[in-house]
Amino acid sequence: MSSAVVEAQFGVSIVIVVLLSELRYPQLPLLRMIMRARSNALPLRMQSQGRHMTDITHSQIDLSTGINMHVAEAGEGPAVVFCHGFPELWYSWRHQLPVVAEAGFHAIAPDMRGYGGTDAPPNAEDYTQERICADMVALLDGLEIESAVFVGHDWGGAVVWNMAQHHPTRCSAVAGINTPAGRRPPINPLDAMKMDPGRFDYQLYFQDEGVAEAELGGNVRRTMTLMLRTSKPEDRLDVIGMTSGVRARGGLLVGLPDDAERSIMLTEEDLATFVSAFEQTGFRGGLNWYRNHGRNWEWGAAVDGNDIEQPALMVTAGKDGVLLPSMSEGMEEWIPNLSRGHIENCGHWTQQEEPEELNRILVGWLKTL
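Whatever position you read off the sequence shown (first residue = 1), add 77 for the numbering used here.
These aren't lab readings, by the way, just hints derived from the structure by calculation. Some hints here could point you the wrong way.
Straight-line C-alpha distance at most 30 angstroms; calculated DSS-like pairs for lysine-lysine [claimed, not checked]:
hint, residue 1, residue 2
1, Lys309, Lys396
2, Lys271, Lys396
3, Lys396, Lys444
Taking CB as the label site, the calculated pair distances span [to be verified]:
hint, residue 1, residue 2, range
4, Arg260, Glu153, 19 to 27 angstroms
5, Asp285, Glu375, 43 to 51 angstroms
6, Ala379, Glu409, 20 to 28 angstroms
7, Thr246, Asp132, 41 to 49 angstroms
8, Pro413, Glu346, 14 to 22 angstroms
9, Leu446, Asn296, 40 to 48 angstroms
10, Thr246, Gly327, 26 to 34 angstroms
11, Ile222, Glu375, 27 to 35 angstroms
12, Glu221, Met272, 41 to 49 angstroms
Where is the CB? At the ideal position from N, CA and C, for every residue including glycine.
Let the hints inform the model, and build the full structure from the sequences given.
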């Protein structure tokens with residue numbers, strides 16, 4: 078199968094990701110103890126890039142799925158749940174939560190299963206899309222919310238499109254940031270990638286447990302510095318084809334500099350927050366998301382051929398080298414209520430690189446619902 082088929086049909090299976098933050102995680106066990114119940118939620122006054130100020134509260138919620146989840150919340154009104162990707166944190170949405178809250182919505186951003194202050198089961202099979210979507214349903218139950226708008230980026234985009242199909246009564250509308258929705262492919266996406274890896278070779282590298290964990294965790298600051306980059310010329314490293322040929326060269330970051338400066342989209346505190354969190358948790362939880370292509374594909378059979386009827390938004394980024402805008406072509410054929418946004422001069426980390434433009438698109442769409 079060609080890489081074109083993989084990218085068109087594999088759609089919601091994501092890229093390497095990594096982001097930002099400004100609220101530094103303390104030692105994670107202590108965080109869980111302090112925030113075990115929502116009644117103990119701690120307020121944080123946060124300012125987005127657009128100078129919006131709002132209170133963000135943090136809590137730990139015991140879900141019916143057996144996961145204890147760290148959740149950030151802001152505002153009141155219709156619920157909007159933000160789902161991050163790999164290897165990120167709730168703080169990937171730091172520029173969105175205050176703005177969406179001030180627009181009249183209840184903005185909710187969890188650390189997804191395997192990340193930050195949320196539990197990270199050790200086994201790969203605990204990270205199927207079925208189980209992660211079950212977490213999202215349980216989160217709504219825990220917050221006593223009947224349905225919500227789901228917004229996702231990278232692997233979080235896979236989650237939200239799956240929520241729209243598998244749990245339509247709990248997902249009132251859906252937005253994918255960079256991550257397109259794709260029809261179920263005729264074969265297991267992992268088998269398709271093995272035939273023609275192309276720019277998805279990094280996902281094959283991620284399959285062997287312990288290998289990528291060791292590389293990415295060996296020097297977490299270097300890992301995050303290299304992965305969290307904008308598409309701007311002054312910020313780019315020589316990483317064209319970074320996700321291609323990974324196994325042949327012996328690792329995702331092999332050959333890249335050891336002393337790169339942090340990205341222009343991150344403050345030192347932002348970078349330190351991510352470094353601190355992943356030094357404590359490691360990368361296994363996030364990498365396990367990639368180890369379920371077969372299970373996810375089998376689960377998708379239950380909704381194969383079903384349209385997504387909810388209001389939907391697809392935001393593409395012109396400089397994303399893995400989740401290409403062309404991968405979203407044809408979505409209107411089975412998502413009839415689809416709106417679109419496009420940010421041409423933006424790479425993969427849309428929420429951070431062009432937060433004001435994304436907020437304009439997102440809030441404008443939310444207000445039409």
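Broken hints, by number: Failing hints, ascending: 4, 5, 7, 8 and 10.
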